[in-house]
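Novice: Just so you know, the protein sequences line up as chains A and B, in that order.
All residue numbers for the first sequence refer to this note's numbering, where the first residue is 85 and numbers rise by one.
All residue numbers for the second sequence refer to this note's numbering, where the first residue is 480 and numbers rise by one.
A hint or two may mislead.
Said to hold, decoys possible - Below are the DSSO-like pairs computed for lysine-lysine, each with C-alpha atoms no more than 27 Å apart in a straight line: (1) 602(B) / 171(A); (2) 152(A) / 172(A); (3) 493(B) / 554(B); (4) 152(A) / 126(A); (5) 181(A) / 171(A); (6) 554(B) / 172(A); (7) 171(A) / 152(A); (8) 554(B) / 535(B); (9) 493(B) / 535(B); (10) 126(A) / 535(B); (11) 554(B) / 152(A); (12) 602(B) / 554(B); (13) 181(A) / 152(A); (14) 172(A) / 602(B); (15) 126(A) / 181(A).
To be clear, the hints were calculated from the coordinates, so they are not data collected in a lab.
Just so you know, these numbers come straight off a predicted model, no measurement behind them.
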Amino acid sequence: MFELVAGSNEDNGKVISVRGEIDIYSAPDFRENLFQAMGDCKQNIVLDCSELTYIDSMGLGIMVAALKRVRQNGCNITIRNARPNVKKLFTITGLDKVFIMEESK
Amino acid sequence: MKQADTVSILVPRKAEYVSVVRLTASGIASRMGFDIDDIEDIKVSISEVLNRLLEKGVSSDNIRIDFHLSGNTVKIDFIMPDSSIQGIFGDEEEDFAFGIIRSLMDEVNLNADEHVVVSMTKKLERAV
Numbered sequence: 085m086f087e088l089v090a091g092s093n094e095d096n097g098k099v100i101s102v103r104g105e106i107d108i109y110s111a112p113d114f115r116e117n118l119f120q121a122m123g124d125c126k127q128n129i130v131l132d133c134s135e136l137t138y139i140d141s142m143g144l145g146i147m148v149a150a151l152k153r154v155r156q157n158g159c160n161i162t163i164r165n166a167r168p169n170v171k172k173l174f175t176i177t178g179l180d181k182v183f184i185m186e187e188s189k
Numbered sequence: 480m481k482q483a484d485t486v487s488i489l490v491p492r493k494a495e496y497v498s499v500v501r502l503t504a505s506g507i508a509s510r511m512g513f514d515i516d517d518i519e520d521i522k523v524s525i526s527e528v529l530n531r532l533l534e535k536g537v538s539s540d541n542i543r544i545d546f547h548l549s550g551n552t553v554k555i556d557f558i559m560p561d562s563s564i565q566g567i568f569g570d571e572e573e574d575f576a577f578g579i580i581r582s583l584m585d586e587v588n589l590n591a592d593e594h595v596v597v598s599m600t601k602k603l604e605r606a607v
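Could you build all of it, start to finish, from the sequences and the hints given here?
Specialist: Okay, here's the thing in structure tokens:
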């Protein structure tokens with residue numbers, strides 16, 4: 085249902101691609117895989133959401149938990165290339181002001 | 480006046496069936512002429528309600544979802560046939576999920592009927 089691919093490091097931080105759907109069924113796996121991919125949380129994280137087709141509050145909650153972890157080390161999470169339906173959820177929840185939102189790269 | 484159609488789906492109260500309900504909703508909304516944005520709104524709203532019903536410790540093994548199709552409106556009722564449940568959303572003003580639903584749907588009613596836990600409505604806005 086979803087796939088998470090930890091990619092290369094770039095200037096902005098470690099790139100992790102999120103693909104597919106994150107809902108109540110896939111959320112536990114997403115949490116585990118995301119936290120594993122983030123490692124020691126001592127660098128910035130870029131979540132490439134260009135192939136993330138669905139998310140709801142379950143997935144957003146996990147992203148917020150991930151953000152709290154990296155912020156403890158003075159780092160941040162960038163949400164890259166979110167699709168309109170995903171971006172809409174960040175906007176209506178105000179999370180677009182909490183995460184760094186980035187378009188195409 | 481054209482009679483409303485109703486589509487019902489009864490699913491086990493298990494996380495793996497939430498996507499099945501989303502797919503059903505997507506098909507119904509698409510057939511009615513909702514655009515992709517509205518269909519996504521409906522899918523997310525449905526998931527938010529089902530997430531909460533799954534998280535709450537209730538006795539029902541199943542959840543029935545009725546889609547009432549009437550003209551340019553779809554009304555979606557979440558029914559727990561063998562239990563009544565109150566207050567699935569905590570503080571309605573503060574609740575994250577409830578806030579999402581209120582933003583995405585045109586109307587939301589809690590405990591609209593004895594077994595109807597949530598009732599929500601989306602109207603089709605046809606381009607003139």
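Novice: Hints the structure violates: just list their numbers, smallest first.
Specialist: 10, 11
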